[in-house]
Structure formats: structure tokens, C-alpha cells
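> Generate coordinates for the entire structure from the input sequences, incorporating the hints supplied.
Respectively, the protein sequence lines represent chains A and B. Taking my numbering as reference, the numbering of the first sequence is continuous, increasing by one, and the terminal residue is 296. Taking my numbering as reference, the numbering of the second sequence is continuous, increasing by one, and the terminal residue is 254.
These aren't lab readings, by the way, just hints derived from the structure by calculation. The structure presented is a predicted model; accordingly, all values stated were derived computationally and were not measured. Among the clues, some could well be false.
[Said to hold, decoys possible] Once the Cα atoms are required to be at most 20 Å apart in a straight line, the calculated SDA-like pairs of lysine to any residue come out as: (1) B:LYS197 / B:GLU90; (2) B:LYS201 / B:GLU90; (3) B:LYS99 / A:GLY124; (4) A:LYS86 / A:HIS66; (5) B:LYS233 / A:GLU268; (6) B:LYS20 / A:ALA137; (7) A:LYS(-8) / A:ALA140; (8) A:LYS(-5) / A:ALA137; (9) B:LYS251 / A:GLU177; (10) B:LYS251 / A:ASP203; (11) A:LYS265 / B:ASN227; (12) B:LYS20 / A:THR117; (13) B:LYS20 / A:GLN108; (14) B:LYS233 / A:ASP282; (15) A:LYS273 / B:ASN227.
[As the list claims (entries may be wrong)] Ranges of calculated distance between the beta carbons of each label pair, as one might list FRET restraints: (16) A:PRO156 / B:GLY53: 17 to 25 Å; (17) B:ARG106 / A:ALA144: 49 to 57 Å; (18) B:ALA152 / A:LYS258: 29 to 37 Å; (19) A:ASP154 / B:GLU145: 29 to 37 Å; (20) A:ASP154 / B:GLU16: 23 to 31 Å; (21) B:ARG106 / A:ALA100: 36 to 44 Å; (22) A:GLY189 / B:GLY162: 25 to 33 Å.
We treat Cβ as the ideally placed atom computed from N, Cα and C, and that holds for glycine.
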Amino acid sequence: MILVVAEHTGGKLAKASLEMVSAARSSGREGPITLLVLGHGVAGVAAEAAAVADQVLVADLSELATYDAELWAAATAQIARAGEAHTVITPGSRSGREYAPRVAVKLDAPYLEDAISLSAHGDALRAQRYTYLSRVTETVEASGPVVVVSAKPGAFAPAAPLGAPGEQYDIDLDLPERRVTITGRSVEKSSRVALSEADIIVTGGRGVGNAENFARLIEPLADNLGAGVGATRAVVDAGWRPYAEQVGQTGKTVQPGAYIALGVSGAVQHLSGMGKSKYIVAINKDAEAPIFKVADYGIVGDVSEIVPALIEASRR
Amino acid sequence: MKILTLIRQVPDAEARVKLSGNVVDLGGTTVVMDGMDEYGVEAALRLREAGAEAEIIAVAVGPQRNEDALRTALAMGVDRAVHIETEERLDAVALSKVIAGLARSEGAELILLGGQEADWDSQALGAATAERLGWAQLTWTNELHLNGTALTGRHDVDDGNESFETHLPAVVTTQQGLNEPRYPTLPNIMKAKKKELRKDDLATYGAAPSLNYVSAEIQVRARLNRVIDGKDPQAAAAQLIDLLRNEAKVIR
Ligand SMILES: Cc1cc2nc3c(=O)[nH]c(=O)nc-3n(C[C@H](O)[C@H](O)[C@H](O)COP(=O)(O)OP(=O)(O)OC[C@H]3O[C@@H](n4cnc5c(N)ncnc54)[C@H](O)[C@@H]3O)c2cc1C
Ligand SMILES: Nc1ncnc2c1ncn2[C@@H]1O[C@H](COP(=O)(O)O)[C@@H](O)[C@H]1O
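Written out as C-alpha cells, the structure is:
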């Protein structure tokens, strides 16, 4: 079977789960697609999962009320073994890429990380992935009785529901003790469109000037366009915006239909996170800024003059 | 106590990547210590400066040129270095066997490494190593304290950040914001030349690559590069919105 570990937040199945199912379907590997739902109070998630999977395994356990890398790895490896999975697909989120390698080691399996495509070649599973700050696309192959994969967020189209929902089974697990205690938590909830879901992203860089300008220029433009808000590392380091909005090598990787970069220089680490966007738009007062090299449309000008005009022109 | 701090050498961010045949060719490319690893070295030094009695060992697995990066770590203040020299490309699962083996033979209790290297971007070595050793793991830390064997700090998670508490032994991955790495001073660069840089044989660790590298490609997406002069902001904005609406059809 193909075991897919569901990702969910706030009692809802995440888009990443649908993308992983689609990765499983496109992999050319045979066997039922089985979604594993780990958590507590996850009946709703399991029901949503059943719409796209051949079967759903639900471990609804109080020990799993909050995520822990060791517990998630132990659970996944146990089920993979018991179900003789030949392919295990995990989310390419931060947490997914934190426990997937542990699963691989437990199963003595090769690990294909951050896959953007999957295909079967005889007994081997092939994946494509980005390396060198997303400048190189590499093809890698793994074989063996079981292969662990993490699927890059946004790389696979969300799977469509099946005609009939899959069967759900409750399962029990033998879990280790937690070694890490979480003593505090702060959620960076942005009231805006999540970057991973956004079709349009408006990103501000250091050229925006300060946090007030960010709120005055970037947010209203994003609102007019129904867009998500992004930031460069320079902006996050300066404390103008939360880290959750950072795009780039050490932030989020995004691939929207339109990426609008305002006062962003276009450093390679930033390009690594948004360079695959369908259209890139740049506004920068420096005509030589590297961002213009990757831009489809651009305006050479001062953001404090151009953006208010854009806000006006984009009002619907 | 012993701390291992892992060092990887990657192309300088501004360097152009080129392929030769089917693989990335780093010949003639400027390579540097991965930025992530500077945070790791700095974190180890700061734990010691804050009172932890520790011997700090920098470790690299890779080609001969890695020595430069190890010397940089030594010049920053690391006590000694271990270089497992190989031209073979090892994936994170294979590498974790080497690192775990070394951690065992050294009797290390803390391993610091980058959250994600800037070349292959595996983001996997920390977790794989922690699993092999049966240790706790903390990823993407931006604050770290050690009190006896109690390890506390803060780290980033999917939707925000958390404060954590655990105990050694542990694997900790670093990231931006954890600290501001120091520059090696000239006297320290001189001193580093005399510090031990031990060579270990990869064969003793029994690690073999678990992946097969099929091919690599550089795809450069052709961009339209239509740049408008912004001297008249209203006209430029109107033109841009029109292009996005009617030509690219990406906004309504
Ligand atoms: C290991 C590592 C990881 C990194 N990860 C990331 C990452 O994930 N994401 C990221 O973004 N960066 C990352 N960086 C940092 C990256 O190298 C750049 O420093 C950063 O992207 C620069 O942000 P910026 O474009 O906002 O600022 P700057 O480079 O300072 O650019 C500001 C731009 O604004 C323009 N400007 C100024 N004033 C105006 C105005 N009034 N109107 C119009 N334009 C104006 C300037 O011409 C300039 O081009 C990383 C770096 C390292 C070493
Ligand atoms: N060959 C290597 N030798 C030493 N350390 C490494 C090596 N490869 C990766 N690392 C360390 O692991 C970190 C993360 O790498 P990865 O998990 O592969 O993205 C890097 O920043 C280094 O600290």
C-alpha cells in the first residue's frame, strides 16, 4: 500500500494532504492509497480524508493531541510496517520534514525529500527536486522494499474526491514517551490569505521603509487584490513583520500566479522562495536591482509614490 | 561534555551554478562554510562562554577542500576538527550513519548543525542522526540555553514558535536569528593552524549512499522583462494594472 500521513490543522484536513494523495496517484506505484490520520478529536479530519483515499486509518489518541516528531515518526513507521507499505508519503511542511527522516531510519529506507514529481521506474521510485537554492532541478531515484518521500507543498495539484468514500478504521499504537516538553507557544496567525493558498502575493522589502509604511502601502494593495502578504528576511529581521510571512530559502517557498515584489532587491536567497511564480512583478527605485532580471512586469520608481497609485488603480 | 558542530561547505550564494554533463560542477566556484553552520559554531561557543564545560569539535564529511571550512571553525574558537574525507556524494540518511558513529565514539552529548544546507537542501540530517542515536531533536532553534543537562530555548514550528525544555543528549538545528556569528580574528586564525585536524576514514563508518542521482538540469524561465518608467506614478500604475488584468490575466 501507499501510506500517506495526513496533515491537518484546527480540525480540518490541510491542502497538503490532498496534494500528497495526488502525489501518490501520480507515482505509478500500485496498491491502495491509505491516509493515516494522527491526532486527538480528529473524526472530522478522518471524514474529509475518506473522500479522497481508498482507506483511512485513524489514531485518535490523547497522547497525540499535540505534534511531536518522535511520536509521529514512531506511529508512521509502525503502520508502514504493519501494512507492508512500499511507499510512505509525508508532508513537506516544517514538521513533516522533521519526522520523515526518522521514519526512513526506522524503516531502514531511502528518503526522497521535498519531491516535486514522482514516477515509478521498474522497482525504483524517481523524484524530482530543487537544489542549489532552487536553481537546479535534480532527478533522484530510490529503490528497496519501502521508500519514504516528502512532498513539496504546492507542487502537486490537490486530489479530487473519489466517487465513493474510503473505509475508515480505528487503530491503536504503541507510542514512546515524549522527550521534549513544550512550555509555551505563540501562533503567528495572520488574518490574511495564507501564503501557501494565495493566488497573488504582495511582498514588501526593506525599500518599503518601515512597519507603518508596510501597513499603509502593502496591506491595502493586498486587500484590493485579494492577495497574501509576504516579506523579505530584511523586513522580518527588522521586526516589521512576523517570520510567518518570510519568503525565501529560510522562509516559505511559494508559487503563486502573480508575485508582486515592492522595494525588494532580489537576493538569491529570496529568489529561491519565489522564482517559480507564474508572473513576477517588481517595483524598485533602482533600475539595476537584480529583481528586474526575473520580472515579467516592473516599474522603476519609488514605492511611496507608485504604490498609492496602484492601490487607487486596483480598486474594483 | 563534548559538542559536535557540523560543517558543510557550499557555493557562495552569489556564485553561478553550472552543470557539467549531468551533475553540478563546482570547479572554479567560490565555496564557503554554510551560513547555517556559522550559527552552529557560534551557538556552541556561546554555550561554553555561558558556563558549560565543553570541548567543541567541528566535523565535516566531504572532499579535501572542506579543510578550509574546518579551519574557519577552528579560527572561530572550536577546539579541534575531524574530517572524514570523501569524494562520494552521501545523502542525509547515509551521512547520519557517519555522524551518529562519530558521536558515539567521541561520547558527544550535543550535536549542532544547520537546519537546511544551501546546496542540496535536504533538511534531514539532524532528524536522521537523532533517530540513529535515540536522542531528542529540536529543529529551527532561535534561542538556546544549557543548564547542566537541561536544554531550553525557543524554536520555529509550522505556524509560529514554541518554547521548549528537554535534556541532553540532543540534536539541535540552527537558523537565522539564533545569534550573530563572530568573525575569526587574525591571532585566532594563526592559532587555528596549530589545532588538531584529524582525518577519519569513511570506510570505518559503514555508510553507503541510499540514493541514485539520475540527472540535473538548470531551467531558466524566460521572463517578459517589461519595465515601465515610473516618472508619472498614476500612468505607470494604471498601465501595470491593465497589463496584469488584460494581458497576464492574473488579477480581476
Ligand atoms: C543563510 C541565509 C538565508 C537567507 N534567507 C532569506 C530568506 O528566506 N528570505 C529573504 O528574503 N532573504 C533571505 N536572506 C537574505 C538575503 O540575502 C537578502 O539580504 C534579503 O532578501 C534582502 O531583503 P530586501 O530585498 O528587503 O532588502 P535590500 O536588499 O536592502 O533591498 C531593498 C531594495 O529596495 C529598494 N528601495 C529602497 N528604497 C526604495 C523606495 N523608496 N522605493 C522603491 N524601492 C526602494 C532598493 O533599491 C533595494 O533594491 C538570507 C540570507 C542568508 C545568508
Ligand atoms: N557532508 C556534511 N558534513 C558535515 N555536516 C554536514 C554535511 N552535510 C550536512 N551537514 C550538516 O547538516 C546541516 C543540514 O543539512 P541537511 O539536513 O542535509 O539540509 C548542514 O547545515 C550541516 O550543518
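> Mind checking the alpha carbons of LYS20 of chain B and ALA137 of chain A for me, to see if they're no more than 20 Å apart?
violated, 31 Å
> Does LYS(-8) of chain A pair with ALA140 of chain A here, judged by a C-alpha cut-off of 20 Å?
The hint holds at about 16 Å.
> Is 29 to 37 Å respected by the C-beta to C-beta distance linking ALA152 of chain B and LYS258 of chain A?
Given range 29 to 37 Å: violated, Cβ gap about 49 Å.
> Verify the proposed pairing of LYS20 of chain B with GLN108 of chain A, using a straight-line Cα cut of 20 Å.
Satisfied, since the Cα-Cα distance of roughly 18 Å is no more than 20 Å.
> Quick one, are LYS233 of chain B and GLU268 of chain A close enough, alpha carbons at most 20 Å?
Judged against 20 Å, a Cα distance of about 16 Å means the pair holds.
> Next pair to validate is LYS20 of chain B with THR117 of chain A; report whether the Cα-Cα distance is within 20 Å.
OK: LYS20 of chain B and THR117 of chain A at ~12 Å, within 20 Å.
> Compare the distance between the alpha carbons of LYS251 of chain B and ASP203 of chain A with 20 Å, and conclude whether the hinted pair is satisfied.
holds, 18 Å
> Tell me if the straight-line CA distance from LYS86 of chain A to HIS66 of chain A falls inside 20 Å.
holds, 14 Å
> In this structure, is the beta-carbon distance linking ASP154 of chain A and GLU16 of chain B contained in 23 to 31 Å?
At 50 Å between Cβs, range violated.
> What's the verdict on LYS(-5) of chain A and ALA137 of chain A, does the C-alpha distance respect the 20 Å limit or exceed it?
holds, 9 Å
> Is the Cα-Cα distance between LYS265 of chain A and ASN227 of chain B 20 Å or less?
Measuring from Cα to Cα gives roughly 16 Å; hence the hint holds.
> Kindly confirm whether 25 to 33 Å is satisfied by the beta carbon distance between GLY189 of chain A and GLY162 of chain B.
holds, 26 Å
Checked against the numbered hints above, the structure violates hints 1, 6, 16, 18, 20; every other hint is satisfied.
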